[in-house]
Amino acid sequence: MRHPTDVVGASLQRRLLVALLIALPLVWIASAAFNLYAAHDRVNELFDTEQAFFAQMLASVNLEAQNSGLSIRPTSPRRLRELFEDSENDIDDDIIFQLRDASGRLVLSDVNYTDLPFRFDAIGFMDERVDGKMWRLFYFHDEDNGAYVMVGQRMSSRTKLVWRLALGQMLPWIVALPVLFLALWWGVRQGLKPLSQLKQDLAHRSPDNLTPITQKVPEEVQPLVDELNHLFARLHQVLSKERRFTADAAHELRTPLAALRVQTEVAKLSEDEVSRQRALNKILSGIDRATRLVEQLLTLARLDHLDQVPDRQRVDVMTLAASVMLELGEGAARRGVVVEPIGEVPALWIEGSPAFLSILLRNLIDNAIRYTPSGGRVWIESNESTLTVCDNGPGVEAAWLERVRERFSRPEGQQAEGSGLGLSIVERVALLHGLALHLANHPQGGFRATLRRPSN
Amino acid sequence: MRVLLVEDDALLGDGLEVGLRQIGFNVDWMKDGVSARAALSAAPYDAVVLDLGLPRLSGLDVLTDWRQTGYSVPVLILTARDGIEDRIRGLNAGADDYLVKPFALGELVARLRALIRRSHGRANPVLEHGDVVLDPQAHTVTRNGDEIDLTAREFQLLELFMENRGRVLPRALLEEKLYGWTQELDSNALEVHIHHLRKKLGSGFIRTLRGVGYQLGEVDATSH
Numbered sequence: 024m025r026h027p028t029d030v031v032g033a034s035l036q037r038r039l040l041v042a043l044l045i046a047l048p049l050v051w052i053a054s055a056a057f058n059l060y061a062a063h064d065r066v067n068e069l070f071d072t073e074q075a076f077f078a079q080m081l082a083s084v085n086l087e088a089q090n091s092g093l094s095i096r097p098t099s100p101r102r103l104r105e106l107f108e109d110s111e112n113d114i115d116d117d118i119i120f121q122l123r124d125a126s127g128r129l130v131l132s133d134v135n136y137t138d139l140p141f142r143f144d145a146i147g148f149m150d151e152r153v154d155g156k157m158w159r160l161f162y163f164h165d166e167d168n169g170a171y172v173m174v175g176q177r178m179s180s181r182t183k184l185v186w187r188l189a190l191g192q193m194l195p196w197i198v199a200l201p202v203l204f205l206a207l208w209w210g211v212r213q214g215l216k217p218l219s220q221l222k223q224d225l226a227h228r229s230p231d232n233l234t235p236i237t238q239k240v241p242e243e244v245q246p247l248v249d250e251l252n253h254l255f256a257r258l259h260q261v262l263s264k265e266r267r268f269t270a271d272a273a274h275e276l277r278t279p280l281a282a283l284r285v286q287t288e289v290a291k292l293s294e295d296e297v298s299r300q301r302a303l304n305k306i307l308s309g310i311d312r313a314t315r316l317v318e319q320l321l322t323l324a325r326l327d328h329l330d331q332v333p334d335r336q337r338v339d340v341m342t343l344a345a346s347v348m349l350e351l352g353e354g355a356a357r358r359g360v361v362v363e364p365i366g367e368v369p370a371l372w373i374e375g376s377p378a379f380l381s382i383l384l385r386n387l388i389d390n391a392i393r394y395t396p397s398g399g400r401v402w403i404e405s406n407e408s409t410l411t412v413c414d415n416g417p418g419v420e421a422a423w424l425e426r427v428r429e430r431f432s433r434p435e436g437q438q439a440e441g442s443g444l445g446l447s448i449v450e451r452v453a454l455l456h457g458l459a460l461h462l463a464n465h466p467q468g469g470f471r472a473t474l475r476r477p478s479n
Numbered sequence: 020m021r022v023l024l025v026e027d028d029a030l031l032g033d034g035l036e037v038g039l040r041q042i043g044f045n046v047d048w049m050k051d052g053v054s055a056r057a058a059l060s061a062a063p064y065d066a067v068v069l070d071l072g073l074p075r076l077s078g079l080d081v082l083t084d085w086r087q088t089g090y091s092v093p094v095l096i097l098t099a100r101d102g103i104e105d106r107i108r109g110l111n112a113g114a115d116d117y118l119v120k121p122f123a124l125g126e127l128v129a130r131l132r133a134l135i136r137r138s139h140g141r142a143n144p145v146l147e148h149g150d151v152v153l154d155p156q157a158h159t160v161t162r163n164g165d166e167i168d169l170t171a172r173e174f175q176l177l178e179l180f181m182e183n184r185g186r187v188l189p190r191a192l193l194e195e196k197l198y199g200w201t202q203e204l205d206s207n208a209l210e211v212h213i214h215h216l217r218k219k220l221g222s223g224f225i226r227t228l229r230g231v232g233y234q235l236g237e238v239d240a241t242s243h
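Residue numbers (my numbering), protein chains in the order written: chain A, 24 to 479; chain B, 20 to 243.
Read the hints as simulated data drawn from the structure, not as lab findings. Glycine included, every Cβ here is placed at the ideal spot set by N, Cα and C. One or more of the hints may lead you astray.
Unchecked claim - Computed, partial: chain B to chain A, Cβ under 8 Å:
(1) L35
(2) Q41
(3) A62
(4) G72
(5) R100
(6) D101
(7) L146
So that you can see chain B by itself, here it is in the shape it has in the complex (with noise of 0.2 Å):
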């Protein structure tokens, strides 16, 4: 999941990078109003994190900016201010959800978590594909209730399939879910996490469709 974070604090800009980096998002962390508008555009996130108060253009100003242009990721609005208006006003102007600080990094992460899900019309937190499940809150897989181990990097990738059931997912946009602007990829880096997940899943879990992307495979031919 890619998520962009806009906070012009340094030390909470830090911390909320890092700390969803730990959790399995991959973050790309925005200083101010003007470059947070205009990074939007540039990257297929999943959700946004958004800080009302916000040097060069406020957060509130950014935030109708997307919603005019279009964008419907899910916002959610972090605000210092505990006035009822400004929230009303950041939840009327396009916000999804909103966060008073200081605030848990874990209800940040849940909060997002379910703003996600609903953006992809889901509401049962767990994903589900034939007998493999994954919980994102807890952060595992099971196959027939066995536990599957999985690095960071292929349990990104297999959540991104099984939230996606049924569509194709083209190379570039798995890459640019996966990798954030500061973080380098080989060229087959991809393919190797795809290959890992079929050697722990099951060769048809995953389909290749050559020139187009890759699918998450058939049910039935999941269990063998």
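Extracted from the complex, chain A is given alone in its bound form (with noise of 0.2 Å):
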């Protein structure tokens, strides 16, 4: 199985590489293109100008002294020798020349004489093809001594020429391609290193292993593994609340049932029947602690299992509330906690569940009723959106009061019975309705907890 950063890795090295092959040659090929065209300017302007010159060369001459039909044979000039010392004899053999006097005789002409056609009327270049053959020729006409002169060259030397000298532009390019390759692909290399090395670490991190990763990494890859490492940090959050939740659901589960077998332990070793009784008795107590919490477990796993609220309706929660408050009065007020009845408010409708939104004011009230020593009271405030249970007991210590929703998890020390469901309860409640559920202190003391109705 190959990992998926050894494909993204190769990949992209191959990418790089593919598109500088293919980008490469073409450069290579635009920058020969151009170079042709330069020389090709290049030579035929030096070699032009080499023509005219030697034309009005030729023209000066005196045509008198000379026998007619003799043939010279012309040096090219040096300079251009010079500039082209090995190709010397093919552009020397290459240049040809006629002289003709006033009445159109020949007078001088190259030792290899070319049949061209003369042209008495033409003045200046043009090029001819002559037996299949192109020749730039130049024609010259001196009005002192009426000579007619014409100097030519062969088109190939010239093209020769180009040829050769791009050629030799290009050749170092040639040898500088591969060089240039094994560069890149060396420098790619060394520059993916630092992923190939992370992959390393990603594929021999343990799962528990959240931390973050502080690897060396290039620029463009920094973002990829900040997100990681958000990713991580995300992770470890949802994993140690999970891990707390089953070790804390382990204790409010074994507590109990180790409770039990211990109180009927002692009732069976009890000699005297008052013992026994009082054992008896803490068994039943015990037993009712456990009811309620399977019952609010069981509660718990119906609420997870929905994703919308079953049996949707108009429902008053001011009403609902009312009827939770008078059947929640008389056990509060035997613990010497009041509950004081909601008196002519205006109702407050919401789209839900009768039975659901029942037991969620039921915890609610229920857990202000549990928390709030004896003496202290629990009333309901209302608006046109919200719905607030309060009480003045001692409140929630502030570093619990984001973990309170949690489940099983209860602020330690507490001399209140409870399972620490109850307001996991009421917020997977609320959130099936669209309610904001928010829990606070009161500045002046006792605790808050806030239903916000959706404001649409």
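Relying on the hints, combine the two individually framed chains into one complex.
Written out as structure tokens, the structure reads:
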């Protein structure tokens, strides 16, 4: 099996090199074409100048002093030869000329006399095909002595020179290309090395290790590593919450069982009726507590499987709250906590399930009663969009405010009995109904649990 | 045997307190870590039953604190977590044994007795002195094979003497071992119990060292 990082790393490298392999020859071809064009231009300019210069010299020859038909062999100008020493002969052989007097008689010509048509009306340069070969011809007419001159050169000799010049410049390129390619390949490999190291690191990481990656990576990859680290942090949070839940659940479930077992053994060991009865009563209260815990767990499990509210209808939560307050008031009074009845208040309509909203309110109000010491009171405040269950008890320690919603999480040192599931149930029901649950301590003491209706 | 019980759960704590008393231990029950930490220095405990999940100060912290202070009393930890790490941490912090909730009271008692026995450097679960044999588990005392009827207090007192053979036990220590903080004791209760023991086991069985305390008598003296 290939690791994902392997594929990405290799293909990145491959892609870069392929792109370079395509781009570099293209650049090379373009540059070669330009070189060729420039060389062609320069060579033409140079030879044209030479031809014109030579023609002028020829025209100034004393035509009378020459024997008719005598051929002389002109030598290429020195400058030219020095420039292209190795091609000296080729160039020499390709220069031809004709000198004619005013009457059109051929006075002077080159050794390799070429039978080119002579145009007496032409002045300056022109390209002409003679016997299938291209010639560059220069015509000149001296007004003073009436001499007509033509200097010509084979185009092919110019072209040969142009190629030579251009190739001479391209050669270093051909040598440099593989070197450049190797250097690039190495550079890319080096640049991607931290990535393969990162891959190794991640591959060898244990699933428990959620510490951030601190390894140095290229700037371009840093955002990816940052995101990975964010993910690790979030995972760590979720996992530790999960672990806390399991640990707390184990504690909350095993401790009542241990208590029941020990109390039962005490009842068996008891020799007198009084202590046996006492132990049996303890067992009964333990069973009540365990029953409540199981019921809350089941409620939560049922809620967990819902993603929308069943039996949705318009419910006035104030009426619902009033009946729950009435129901719980009696038990609260026995504990010395006053539950203030809800007076004439406007209704607060919510789209939802009366059964679940009732569970929500029961848990909130029951919590308030449970954690309020004797002599305290519990009441409800409301407006057009919120319902707040208030008490004047000790409130919740600030450090625990965020965690009390978590399952089984109970601030330590609680005298009041509870499973630590009540607020989890409240939060779950609120979430299903789109209600916001806000928990806070009141500045003047006491706890406030506020439900806010969505504002639509 | 005086045992310190540290448990925050009301029902379990109550059951353990009552149960251990019925079996013959003298129990003091602490409900949070802070009072538990202080309690160990207040009385000569023979063993501690310590719940790890405690309010105010965790059981592990209490245990670490005790061991650093130098208390060597045997400690049995109670844990509700079944993860092995929890137990390893507990044992590493200086616990001598552990039980995972829920557990049987009988097992807790047996483990406590074993811990106390080992802390006295003893492997034999039965205490012997001359022809008197005391079995803490069965809660019986025999002399030459004949069972002797003892009250709960007399049994506790005899167990203390036989557990500390050769040592002189000061009167104050005996009282502290025998009575918890919640129990009243009249000034001459100890003398009464010792008097009864002497009547049942022979006058020389327990020696009085005036102004110092009491000690188990020589073996010869007990067998008339």
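So, going through the hints one by one against the coordinates:
1. L35: 6 Å, holds
2. Q41: With a closest approach of 5 Å, the B:Q41 hint holds.
3. A62: 23 Å, violated
4. G72: 5 Å, holds
5. R100: With a closest approach of 5 Å, the B:R100 hint holds.
6. D101: 6 Å, holds
7. L146: Check failed: Cβ of B:L146 comes no nearer than 22 Å to chain A, outside 8 Å.
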